[in-house]
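Q: Required output: the full structure, derived from the provided sequences and hints.
Number of protein chains: 2
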Amino acid sequence: MCSNINMKTKNFEQIFYPTSIAVVGATNTPGTVPNDIFTNIMRSGYPGSIYPVSPGHATISGAKAYKYVVDIPYPVDLAVIVFPSSVCALALEQCGQKRIKAAIVISAGFKEIGPKGKELEDQLKAIADKYDISIIGPNCLGVINADSAIQLNASFARKMPEEGAIGFLSQSGALCTAVLDYALNKHIGFSKFVSFGNKVDINEVDLLQYLLSDKKTKTILLYLEEIGLGKNLIQLLKGNPNKKPILALKAGRTSDGIAAAQSHTGSLSGSDEVCDAAFKQLGIIRAKNIEEMFNHAIALTYQPVPKSNRIAIVTNAGGPGVMATDASIENGLELAKFSPDTNKILKKSLPRMANTKNPVDLIGDARADRYDAALTSISRDDNVDGALCILTPQSMTDIEAIAHLICRVEKEMTKPLLCSFMGGSDVLNGIEILQKRHIPHYALPESACQSFAATVRHKRWLSRPQSKVRNFKVNRSRAKEIIEKYLGRGQSYLSEPDALEILDSYGFPILNYKIAKTAKQAASFSEEIGFPVALKISSSSVLHKSDIGGVRINLKNKKEVTQGFKQIIDNVQAQKRDAQILGVIVEEMALPGKEVIMGIKRDPSFGPVVMFGSGGVYVELIRDIAFRVAPITELDVQEMMKETRSYVLLSGIRGDRPADIVLVEECLERLSQLAMDFPQINELDINPLVIYAKGKGANIIDAKIMLKI
Amino acid sequence: MCSNINMKTKNFEQIFYPTSIAVVGATNTPGTVPNDIFTNIMRSGYPGSIYPVSPGHATISGAKAYKYVVDIPYPVDLAVIVFPSSVCALALEQCGQKRIKAAIVISAGFKEIGPKGKELEDQLKAIADKYDISIIGPNCLGVINADSAIQLNASFARKMPEEGAIGFLSQSGALCTAVLDYALNKHIGFSKFVSFGNKVDINEVDLLQYLLSDKKTKTILLYLEEIGLGKNLIQLLKGNPNKKPILALKAGRTSDGIAAAQSHTGSLSGSDEVCDAAFKQLGIIRAKNIEEMFNHAIALTYQPVPKSNRIAIVTNAGGPGVMATDASIENGLELAKFSPDTNKILKKSLPRMANTKNPVDLIGDARADRYDAALTSISRDDNVDGALCILTPQSMTDIEAIAHLICRVEKEMTKPLLCSFMGGSDVLNGIEILQKRHIPHYALPESACQSFAATVRHKRWLSRPQSKVRNFKVNRSRAKEIIEKYLGRGQSYLSEPDALEILDSYGFPILNYKIAKTAKQAASFSEEIGFPVALKISSSSVLHKSDIGGVRINLKNKKEVTQGFKQIIDNVQAQKRDAQILGVIVEEMALPGKEVIMGIKRDPSFGPVVMFGSGGVYVELIRDIAFRVAPITELDVQEMMKETRSYVLLSGIRGDRPADIVLVEECLERLSQLAMDFPQINELDINPLVIYAKGKGANIIDAKIMLKI
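Residue numbers (the working numbering), protein chains in the order written: chain A, 1 to 709; chain B, 710 to 1418.
Don't take every hint at face value.
Unchecked claim - Here are the simulated lysine-lysine pairs, DSSO-like style, with alpha carbons at most 30 Å apart:
| id | chain 1 | residue 1 | chain 2 | residue 2 |
| --- | --- | --- | --- | --- |
| 1 | B | Lys825 | A | Lys348 |
| 2 | B | Lys1405 | A | Lys556 |
| 3 | B | Lys868 | A | Lys436 |
| 4 | A | Lys307 | B | Lys997 |
| 5 | B | Lys1265 | A | Lys696 |
| 6 | A | Lys545 | A | Lys696 |
Just so you know, the hints here were simulated from the structure itself, not pulled from any lab data.
These numbers come from a predicted model, not from an experiment.
A: What follows is the structure in structure tokens.
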């Protein structure tokens, strides 16, 4: 289970803060990667020593070159390897001999090109293990440390980014070039910027761990094309409560997207909805695209966390104010209601025609003084948790003066201030003034509202209560016996009685039932159990009993039971001639109640997952379902339930009494315990669980368990 | 009803193509609106005569000024009035005397400042009517005609936009400045650009009608803060099948947003979901924000309409290809499956490591030749309906050469080609090459996919089948009698028996029922009707019968009916002491079936609206509801039903037989007829309508009608 966990030392200090670097494979041909790498390090302002290594050249860009790494007469912290893939192992071996503890392998031509490349990659791995070398890559763009203390661009990216507090980790090198260009244009600074490529050694979770403890990094951005290390991610972020915002963009949400990602990265990924759930559990904010990721990142990194969700909107144009209002509400924000003091100041400072209510409309001829009056009073109002300042370039608008004014006000604010200067070239200078000061700017007011909402979600995550995983007293050995019986036989699908017995042993509410082999026996059992009863086919070959007429409900007397038994057998035999029929279950009829579904599935990356949602026959149609990775805490359970419409139904609406929610919560926690106890359970479905009024309990109507064999 | 329809002549020729213009109120003070307007017209390249009118100046910017309009010795087509609002009426009166047939009133200080301004605006209206003058404004930015034949900037916008095929109509002047700036930056050209302000005379529907017939306009964009003229819009677009794409951005989606819009525009708006439905019926594409509006507009205007939804993606970076795939699927597109020919060409032209399947990954070192091979073969593949070309700025990427190549390929393409060059300053030149050639460019591949999907929706709208409004034989006079009885009494809420009678007279399936005044009578009625029966309180003071215990169902004998009657009376009296009880309805018990809700409501702007959705007690929780403006065609009915999850349930899933959908459709059409026949019906709810299997009919279980009094 722990095969993915990297137990080797991670020499991050040598990767990010090397005192000396060898560029192994440097050349003199401009426009090639080996040359770009060397000149990038030279030009970036790196204060340490740089040694080019090149078997064919005496000097590289004027610097003395060494034939082999081992020829360098000085100590070397980091090797950046840019040789063709076929000779990388050789070069790395020499790095080991030279006691270099870290390497960035830029070269492509490894795992991503097939079995032959995989072999070369395995050689790197073996050498790294032998000499305890930490490796980034291969097949990556490289590493940038924008910390002004070192200014290291060990990548073939065209430009060095500005220094800032955002750490960026990317599985894709190609995307990095676009991201760096995008960020430079908007003065979005980075602390560290890493393209980790094929991750033969250091992986995204290792890097995440490093950035969590890196003082220069306030926010971490993660671009992934597959989540291969779900369990490591959970282990890292559960053990180390995440105070820094982590934003993730994961490509491959749809099945076509996942297929495209697989053909691109060659790696399998788990289900996207499980990834979504895990991110929520871990407080990772998921972005829909690159723009949204940076939109959120600048707000989270460069502005204070808001106390709550009450936004104030200030604008010189009514329309965008209305649009921002819509976007605020749609993203779960509230329009702040100003204090009497603020109202008084706004009324006094703004012209009669201005709207002093939120959204504050300063009117088209507003200049910096009106923005000043509005923003200053709002920033001091305790009823306001943050502000959005909108500008359109009208003929009277002194755009740059307003931008400078915003910078001044922002300096003294203790709540977030986001801006949207709408337009094109007219507003460019104003926007640059803001961006240079790291005041978050958004082309659309709507995007600003979305990002404000992201900061509110992060705040809620930070202040959510502690919650523990509960451990129930269960009959584990009884469940184990049943499961081992099936595994011994190589059978994956449990009969319903056995499934119910496992659930019974884990404390779930099950109905009274017996298995009849004959119609006569069914009739006699039904009398014992008490009318009305339900009949259900018991056969491991039948997965959807109702679909083939394998269920009869509400049978009120022996005659109906006898008839029902025969109908079921006839139906099943007619539709599944080869079905192995174990008998017919005669079960106590459950009273009608509210129906939910709950279950377990296994995610290839995150492991056991608990599922909850609206139950019944139409579960696939309605798809009102939430997931959480096990083990789940009480808080996880509450959050996952509230994601579904089912929760409102259970809470009792329109005169309905609330249902026994406490019991449902406990059932989900018991499911989580069962999932953790038995990794052999591949899939478990309880559908429906019928729930009665508060304190009146619940009943499992139907359950399925599939084992992994 | 027709008070909103503007029957006056509309002198659009004089507004958009005047041969001579008087600028009434021009001044010499730079930086003021009156001066800006004059110099804008002068500088824009307008080839006609311009006469400044200024009581206080002999010349304006060097041109001879006239004291009054009537002093101009030449004929004048258009007056642009920039006087303070207090003297505008006087100026307009003189325009009338001078026989000027069109005026743009830029000045603010009218309706938007309150009753005094409203009075001034009414004066304008009266003069316009007297002299048959068409007016744009007041309180607007003005009018721009970018047609190269005239090049008229009769606005105080800082810059003249480029010529293009997009017509833009805006309720907000302030937003226009941002839009013009935004569009100029991206080389998005306009045909006509109008800020229509307070619309004292010419309104948005008039302008829409003009642009629909304007040869220079291919696509129409509409920014609105309220829909006041829903009925006119329907009349225009139903009578004149809309071949041009119309995109609308309507601010005020949420209740807070609507409140903000009202305080801003001073006008009431209908419900946003009705607006949404009407837009769908009329083929108007609704945009979420300014960016989305222009994103869609450039695809719809400057590219051919795609045959269908099969997109091909070409990229030099895997990650963005995956993201574009996700976005394609999420927006209802399909990834095209290439023909054998295309596959062959791609395999031959691309390196071995490239992915020749869709999304095509040309690999990071791709130069223009690879893009050429991929785009050319794809453009000839009949399995492809359109292409998205993605670029990231990698070290080998010849960005500008690729942009030029795209321009060349696009010229010969008969299907849409959209592009996304990702990054910042590195890709700027490439993007500009594309934009100058009107090849749609998107900062995000995801946005390109959304816009491609918008063109597919438009194509589907264009090719949707003809459909008519059916007229059923109904007993209209019986319904009229009942409605008039209530209106005569000033009563708005119909008793259930009366509501059912109206529905009966319109051919709806209702259950057998009688009204009992006593328990004994109820028992005897129930025997006549046949057991089991349902009992329901009949009282115009009780709106939600179940909520107060006013319903008993499934009563199987006289004893249960007698008891039920008493319980209902007790419950109602206990909870609503002053309820006026008309009796208890004894009704045939409907068999269980699938439950839907349908009804009528009135929208202040669009008029009668038909509603359909999932029925039952939880209708407000689930909110699975669709609307259409009446009268509705068979196609409208099918489309509205398919918007709900209810439709899938009715179609029969997981072994269920399909329900009597044909009857449901007919019921909705009958509702539409009822809504059109009786504008007095303010609200009608049938909840639930229980539907049985195909051919087996349906039953109304409960119905409410409220009249407008």
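Q: Each hint: holds or not?
A: Evaluation of the provided hints:
1. Lys825/B with Lys348/A: Roughly 23 Å separates the two Cα atoms, so the pair holds.
2. Lys1405/B with Lys556/A: 27 Å, holds
3. Lys868/B with Lys436/A: 27 Å, holds
4. Lys307/A with Lys997/B: Within the cut-off at roughly 29 Å; holds.
5. Lys1265/B with Lys696/A: 28 Å, holds
6. Lys545/A with Lys696/A: 28 Å, holds
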